[in-house]
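Sequences are here, hints too, so could you generate the full structure?
Number of protein chains: 2
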Amino acid sequence: MKILLTNDDGVRAPGLAALAEAMGAIGDVFVVAPDREQSAVGHALTLHHPLRATRIEENIFAVDGTPTDCVNLGIHSLLSFKPDIVVSGINRGGNLGDDVTYSGTVSAALEATLMGIPAIAVSLVTANDGSNYSAAAAVAVKLAGIVSREGLPEDTFLNVNVPDLPEARLLPPLITTQGKRSYEGTIVDKVDPRGRSYYWIGTVDLNFRDIEGSDYFAVSRDHVSITPLHLDLTNYNSLAALKSWDLT
Amino acid sequence: MKILLTNDDGVRAPGLAALAEAMGAIGDVFVVAPDREQSAVGHALTLHHPLRATRIEENIFAVDGTPTDCVNLGIHSLLSFKPDIVVSGINRGGNLGDDVTYSGTVSAALEATLMGIPAIAVSLVTANDGSNYSAAAAVAVKLAGIVSREGLPEDTFLNVNVPDLPEARLLPPLITTQGKRSYEGTIVDKVDPRGRSYYWIGTVDLNFRDIEGSDYFAVSRDHVSITPLHLDLTNYNSLAALKSWDLT
Chain A
2 MKILLTNDDG VRAPGLAALA EAMGAIGDVF VVAPDREQSA VGHALTLHHP LRATRIEENI
62 FAVDGTPTDC VNLGIHSLLS FKPDIVVSGI NRGGNLGDDV TYSGTVSAAL EATLMGIPAI
122 AVSLVTANDG SNYSAAAAVA VKLAGIVSRE GLPEDTFLNV NVPDLPEARL LPPLITTQGK
182 RSYEGTIVDK VDPRGRSYYW IGTVDLNFRD IEGSDYFAVS RDHVSITPLH LDLTNYNSLA
242 ALKSWDLT
Chain B
2 MKILLTNDDG VRAPGLAALA EAMGAIGDVF VVAPDREQSA VGHALTLHHP LRATRIEENI
62 FAVDGTPTDC VNLGIHSLLS FKPDIVVSGI NRGGNLGDDV TYSGTVSAAL EATLMGIPAI
122 AVSLVTANDG SNYSAAAAVA VKLAGIVSRE GLPEDTFLNV NVPDLPEARL LPPLITTQGK
182 RSYEGTIVDK VDPRGRSYYW IGTVDLNFRD IEGSDYFAVS RDHVSITPLH LDLTNYNSLA
242 ALKSWDLT
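Going line by line, the protein sequences match chains A and B. Residue 156 in the working numbering sits at position 155 of the first sequence; the count goes up by one each step and never skips. Residue 222 in the working numbering sits at position 221 of the second sequence; the count goes up by one each step and never skips.
Treat the hints with caution; some may be incorrect.
Remember, identical chains collapse to one label, so a pair may be satisfied in a single copy or spanning two.
Okay, derived cross-link-like pairs now, EDC-like style, lysine to aspartate or glutamate, Cα gap no bigger than 20 Å in a straight line [claimed, not checked]: (1) K143 - D29; (2) K3 - E151; (3) K83 - D36; (4) K181 - D233; (5) K143 - D85.
Hints listed in this document are in silico derivations from the structure and should not be mistaken for laboratory results.
As structure tokens, this is what we get:
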């Protein structure tokens with residue numbers, strides 16, 4: 002099995018190292034990852050300037066772009082083959098609820114899915130640096146095996162969130178739905194040393210609704226959460242209501 | 002009605018000017034838009050450096066960030082009120098099928114939706130500079146009126162694509178589903194004047210599957226396309242299959 006790894010914390014992040022080491026047990030591992038942290042870049046693609054790739058070890062490339070760029074460049078140019086699976090992570094911090102739309106980690110898996118390659122995004126749910134990347138990596142290895150055996154539903158990838166606990170304390174994985182955060186954006190509004198005002202987007206409060214069966218519901222009870230996400234944002238339930246509008 | 006406009010083509014784009022002019026007929030218009038083009042940035046949020054906002058006219062601000070940043074900054078800091086509706090666009094070029102996940106225009110509407118504000122993303126389907134922004138703006142004005150009257154389903158915004166045709170030649174709006182492109186990424190792989198190789202993500206072929214009822218199906222037949230999109234990426238149809246996996 003040929004495995005392409007990427008992330009959004011950058012090529013030197015401990016979560017990626019733990020993932021690469023564990024994945025080595027089940028296949029040939031190739032890494033194409035951003036040369037620096039690229040959190041909250043969403044599904045951004047670099048169109049307006051060229052990208053550079055640096056080979057920093059035999060099978061490890063650092064790219065000066067987003068996780069989505071890395072998957073693109075890896076598959077279309079840097080690798081001489083199409084990988085059997087793409088695994089993105091292990092992200093420092095959960096990717097739960099609505100936050101998945103901001104996530105570079107999740108977007109890398111989405112990009113692979115667009116290319117028809119099975120993909121898994123893996124995140125360690127932690128508010129600090131994270132301690133148990135190897136436990137999360139073991140979960141990823143197991144899931145990669147299942148995915149390569151069972152396949153994935155069309156246009157669908159897995160968003161996996163693992164509580165920051167030692168392997169023995171993790172409760173069994175639950176198949177979940179994308180949760181909801183009670184959104185609270187904050188802007189820090191200050192004046193710089195030259196007297197000009199500036200704004201800084203603040204951290205949002207970690208405040209998810211406790212919806213039964215959701216990703217947050219699972220991880221807050223020490224379960225691994227596995228959410229099948231797809232590329233189709235259509236709200237099918239609303240089609241009928243909208244078709245009743247007078248649009249003429 | 003207080004209307005916040007943004008886009009991803011930048012504050013000086015003709016699509017935004019046409020939208021602002023037309024929206025003035027139904028409410029007070031405020032613009033918070035990127036100071037330069039921000040295409041394909043997806044739902045990116047600027048976390049690692051401060052943002053600057055420049056007031057370039059009474060109700061027009063230019064921000065050195067992404068469309069998502071603009072909505073955040075506008076609502077949490079620059080405006081002294083919560084707008085009744087956010088309209089993003091008019092984008093130069095369609096936002097159809099899977100491409101919505103890359104779109105700054107669509108992501109701005111998504112961000113407003115996260116904040117509980119009704120939102121519409123509007124794009125002019127054109128491969129060049131676009132000619133009929135005023136026709137698309139008229140569609141947007143009409144839809145904003147309907148949305149303020151009828152409301153939108155929970156967590157849902159409208160992704161509107163308008164063929165680049167004069168108003169008289171536009172066929173009636175259809176409520177559609179998000180389409181699918183036959184994905185063909187390309188990477189241009191070259192050597193720079195200093196002898197170092199670089200990569201440039203190429204343009205993808207405009208090649209959508211002709212799925213009945215989809216956004217592409219509508220616009221390719223000269224209809225305005227209105228797709229209700231939501232924030233939930235869960236593939237509900239796949240939950241049962243995944244729950245049958247042996248995960249222990």
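Where does the structure disagree with the numbered hints, that is, which hint numbers, in rising order?
When the structure is compared with the hints, only number 3 turns out to be violated.
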